[in-house]
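Going by the working numbering, the sequence shown runs without a break in its numbering and finishes at 334.
Read the hints as simulated data drawn from the structure, not as lab findings.
Every value quoted in this text rests on a predicted model; they were computed, and no experiment measured them.
Beta carbons are placed, not taken as given, at the ideal position from N, Cα and C, and that holds for glycine.
Please note: incorrect hints may appear among the correct ones.
Beta-carbon label-pair distances, calculated as ranges [to be verified]:
1) 189 x 287: 49 to 59 Å
2) 73 x 159: 46 to 56 Å
3) 248 x 76: 51 to 61 Å
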Amino acid sequence: MLIGEVARRSGVSARMLRHYESLGLVRPTGRTDAGYRAYSGEDIRRIFHIESLRSLGLSLREVGRALDDPGFRPSELVDDLVHRTRERIASETELLTRLRRIGAAEPAGWEDVLQIVGLLHALGSKSAGTRQRAALSSVEEVPWPVEALVEAALSETDPNVAGALRWALAQSGEGGSALLAEGLGSPVAEVRKRAVQSLAEMPNGEATALLKDALAHDDIVVRRYAALELGARGVADAVPTLVDMVVEEANDVDAADALSALASDPASADRIATRLVDRLAHGTVGPSARRRLTQALADIPGPTASRALADLAQDEDRVVALTATYILGIRDAR
């Protein structure tokens, strides 16, 4: 079979077939009387073998070795191809992500594109100072790639940089809330913690709704961060978790402060006092927890809290009784 017919049937151009011949990959087994290359059936099969191996990503040198070296071990080459393919996919995925982020920022011109690229590079820097400066840089001229900020905030380990990134996200509007919600579902505890901390600094309704949902999260750390922030925002749904924090001595001072802030509303004050009293009456609550609950009643106004303190002034636990008596004295003096 002549080279033109081989090219037509195999899909390999005549020029490439000549290149294969120059490399010694496939040589026509004969020549016609006129001196033209003549390919045998075995030559054709070898051409198809070459194309099959090339489709796996092998170089022509690797193809020749695979076909001609009796000691060739395909498993080693396949493992190497898998490794190289993964690296290439990772590199191309990184590029695709960067391009998507640039596109999402809707740059008005190439100057904007260059500034966004510079920001993305800075956010990925090994220098904490560079990352922090990037997070704190102006957001007025070029829209920020929110997805990049969220990714950086969820992975940042330096506390100063993390704070700057949370601030930047808070300035970005509601766009980052949904992405941070995905972070709450991460299998990594630290990522979940960073996600709820970032949501706590976003002063919008969507973030508040997500924090309310987080009160039912499986991760107790997420629940506690959400409760503290919701308490500051006046959301009474946080009361049960805040009371639990007082009992468990987990950020109990902050939890008591949040309860006090919520108690500025009379209806919430009665609900909080009732919850505290119920926990005091619970038989499994230890002495130290009962003392913290008594102290938490100090800043809860209303008759429910006052009656509870009057009862506690007669408590068998001398420390609880003295604490309740002291608090009642202050309340009576007001």
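Results for each hint:
1. About 31 Å separates the C-beta atoms of residue 189 and residue 287, a value inconsistent with the hinted range of 49 to 59 Å.
2. At about 51 Å, the beta-carbon gap between residue 73 and residue 159 stays in the expected band of 46 to 56 Å.
3. Separation of residue 248 from residue 76 is about 56 Å and conforms to the stated range, judged on CB atoms against 51 to 61 Å.
The structure does not agree with numbered hint 1 stated previously, though it agrees with all others.
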